[in-house]
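**Student:** Required output: the full structure, derived from the provided sequences and hints.
Chains as they are written, first to last, in numbering that gives the first Met the number 0: chain W, 0 to 308; chain G, 0 to 308.
What the hints contain is simulated information worked out from the structure, not anything from laboratory work. As the structure is a prediction and not an experimental result, all values here were calculated from the model. No residue lacks a Cβ here, since even glycine has one placed at the ideal position from N, Cα and C. Keep in mind that a hint or two might mislead.
[As the list claims (entries may be wrong)] Calculated Cβ distances over 10 Å to all of chain G for the following chain W residues:
{"hint": "1", "residue": "S2"}
{"hint": "2", "residue": "T11"}
{"hint": "3", "residue": "P27"}
{"hint": "4", "residue": "D58"}
{"hint": "5", "residue": "Y91"}
{"hint": "6", "residue": "E154"}
{"hint": "7", "residue": "M203"}
{"hint": "8", "residue": "A206"}
{"hint": "9", "residue": "L230"}
{"hint": "10", "residue": "G257"}
{"hint": "11", "residue": "Q274"}
{"hint": "12", "residue": "A275"}
{"hint": "13", "residue": "K276"}
{"hint": "14", "residue": "Q292"}
{"hint": "15", "residue": "D300"}
{"hint": "16", "residue": "R308"}
[As the list claims (entries may be wrong)] Below, simulated DSS-like cross-link-like pairs (lysine-lysine); rule was C-alpha separation at most 25 Å, straight line:
{"hint": "17", "chain 1": "W", "residue 1": "K86", "chain 2": "G", "residue 2": "K86"}
{"hint": "18", "chain 1": "W", "residue 1": "K86", "chain 2": "G", "residue 2": "K87"}
{"hint": "19", "chain 1": "G", "residue 1": "K86", "chain 2": "W", "residue 2": "K87"}
{"hint": "20", "chain 1": "G", "residue 1": "K87", "chain 2": "W", "residue 2": "K87"}
{"hint": "21", "chain 1": "G", "residue 1": "K231", "chain 2": "G", "residue 2": "K3"}
2 protein chains.
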Amino acid sequence: MISKLIEKIQKTNAPIVVGLDPMLSYIPEHIKAAAFAEFGETLEGAAEAVWQYNKAIVDATYDLIPCVKPQIAMYEQFGIPGMIAFKKTVDYCHEKGLLVIGDVKRGDIGSTSAAYATAHLGSVEVGSSAYVPFGEDFATVNPYLGSDGVKPFLEVCNKENKGIFLLVKTSNPSSGEFQDRLIDGRPLYEWVGEKVAEWGEMSMDGAYSNVGCVVGATYPEMGKILRKIMLKAYILVPGYGAQGGTAEGLKPYFNEDGLGAIVNSSRGIIAAYKQAKYADKFAPENFADASRQAVIDMIEDINGAVFGR
Amino acid sequence: MISKLIEKIQKTNAPIVVGLDPMLSYIPEHIKAAAFAEFGETLEGAAEAVWQYNKAIVDATYDLIPCVKPQIAMYEQFGIPGMIAFKKTVDYCHEKGLLVIGDVKRGDIGSTSAAYATAHLGSVEVGSSAYVPFGEDFATVNPYLGSDGVKPFLEVCNKENKGIFLLVKTSNPSSGEFQDRLIDGRPLYEWVGEKVAEWGEMSMDGAYSNVGCVVGATYPEMGKILRKIMLKAYILVPGYGAQGGTAEGLKPYFNEDGLGAIVNSSRGIIAAYKQAKYADKFAPENFADASRQAVIDMIEDINGAVFGR
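**Tutor:** Listed below in structure tokens is the structure:
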């Protein structure tokens, strides 16, 4: 699956992913009003607002980007209707030719990890039939439980041609509490990175592995070291923009072939119309156009700073 | 919420939790046949089988136990119908007076962790109304992202009187890959334990904290040390029975007050009818009676070995 992602990145010339993390507070009033008029101020109404919001953003940006990353927590908080909106979003993005990274940060052991892998990347057998539960192309996975948690995902990756991104060094301020602690002179995140490289060998797909990793844009010095530890792992980079990561700081996340990293922006794109920078030009009714402009600006920013193009 | 759990443990004299982790392969043929007859070999059919299986086990055991722990991965793998079966199970267990630990192992940062906390322990506002998305009483949480991931859960715990169990030392063989690595002479799981104790102070509920932890029954020596590091944390103990943890080994997980630990069994209870020990006495049609007997035996085993009663 990573080779498909690379192909799409090269075609769009856009090493970016749009995070579809729809907080209700981001959604323009007219979308919410229409959804609540139809379904009331209910979970169904909220889920409909989320879905219409996503759809408009996808319609306005799909030709520019390789990939989206819905954050499942934002859907899960609306219960069953929210999960339906998640699935609808995944399916719709596929219809529009986008790849989908399910930002689910699952992780358990053995048959439980296998069930999560099935839920998000695989298909489940019921009697003599098989069904795709949620059907993302990639999933984010938490490595704290070790190989027992990761290998069931690798089996599904190999069987179904899918991929994962393992949390190595997250973008948040407190990520250092455990991840930065020194073990035999090296921080934990480097040891996790070593394992990512090792697991990655079990699911190669061309020059890169289906096993990628997450390293926050907020820690470019660490990104530089981690890049070298996991040469064949694609790095999914959160933390650009809203969290303080800069385009200049993204350079070390890429390999010399110009590949190896994909940078996420969520709020910065989907709630662009709320930023001073775009609010003048785009009314809330034109939020999706603001998102399109924000995508164009992000691509330009990253390509300029990282590749000088 | 931990005081409610303690009250129920004392009332039932059963420091145990039944893991509702329904693999299709555990479910007796007659349940599956009835579900498939009604809904076909579909996700809806699988979800119906899961629900009927759970309901029968809950009906046969609810008077003996304080608590159940559905493993959400086993439901998530059946997509939306699976999630509906999860919610139905949570609601039904509440109707029967049981507390529910959502074994969801979620963990993210900031607003995303807050959304997970809302999904599983809180209520979500939609316009002027509020809804309970999944409504468990406790959730398991992964600590790899540090305080940024945990504090949003604590806020919900304090607001809604709920609790969490943070993964400290998991029961699986590879848990040591990261969790056992030495940092300043002490394994990572001890440092996580120290943080659990610290976070726990932020959500006390009587003598114990709403912040509990997970320590596998398979590592009793580590359990002994962790018990002392987190005196006010309830320990949720997986790994008893099927994974090799013994009742004798559970002693160090309890405090001197006879409290402080709750031991999970999943397969050992819900698929008891498949074990040689019970298969002679209980036909597959009587699987729920086998589960009841397995609960009685587990309580006796633990109370005998740990408390000599």
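**Student:** With reference to the structure, classify each hint as holding or not holding.
**Tutor:** Hint by hint, here is what the structure shows:
No beta-carbon of chain G comes within 10 Å of the beta-carbon of S2(W); the shortest separation is about 27 Å. Separation of T11(W) from chain G is adequate, the least Cβ-Cβ distance of about 26 Å exceeding the 10 Å criterion. At the 10 Å boundary, the C-beta of P27(W) stays outside the reach of chain G, the nearest C-beta of that chain being 15 Å off. Taking the minimum C-beta to C-beta distance to chain G, about 24 Å, the non-interface status of D58(W) holds against the 10 Å cut.
Remark: the non-interface label on Y91(W) is consistent with the geometry, its nearest Cβ contact in chain G lying 15 Å away (cut-off 10 Å). For E154(W), the condition that its CB be more than 10 Å from all CB atoms of chain G holds, with the nearest at approximately 14 Å. The non-interface label for M203(W) is consistent with chain G: the shortest C-beta to C-beta separation is roughly 21 Å, beyond 10 Å. Residue placement check: A206(W) keeps its beta carbon more than 10 Å from all beta carbons of chain G (closest about 27 Å).
Every beta carbon of chain G lies more than 10 Å from that of L230(W), the smallest distance being close to 21 Å; the non-interface claim holds. The beta carbon of G257(W) sits about 30 Å from the closest Cβ of chain G, which is more than 10 Å, so the claim that it is off the interface holds. The beta carbon of Q274(W) sits about 17 Å from the closest Cβ of chain G, which is more than 10 Å, so the claim that it is off the interface holds. The non-interface label for A275(W) is consistent with chain G: the shortest C-beta to C-beta separation is roughly 21 Å, beyond 10 Å.
Chain G leaves K276(W) outside its interface by the beta-carbon criterion, the shortest separation being 21 Å against a cut-off of 10 Å. Residue-level check passed: Q292(W) sits 24 Å from the nearest beta carbon of chain G, beyond 10 Å. D300(W), annotated as away from the interface, keeps every beta carbon of chain G farther than 10 Å; the closest lies near 23 Å. Remark: the non-interface label on R308(W) is consistent with the geometry, its nearest Cβ contact in chain G lying 32 Å away (cut-off 10 Å).
A hinted pair counts as satisfied when its Cα atoms are at most 25 Å apart, and K86(W) with K86(G) qualifies at roughly 17 Å. Distance check on the hinted pair: K86(W) and K87(G) sit about 20 Å apart at the alpha-carbon level, within 25 Å; holds. Between the alpha carbons of K86(G) and K87(W) the distance comes to roughly 20 Å, so the proposed pair stays at or under 25 Å and holds. Between K87(G) and K87(W), the direct Cα distance comes to roughly 22 Å. Compliance with the 25 Å bound is thereby established for this hinted pair.
Note on K231(G) and K3(G): the hinted pairing holds, with a Cα-Cα distance of about 15 Å set against a maximum of 25 Å.
Checked against the numbered hints above, the structure breaks none of them.
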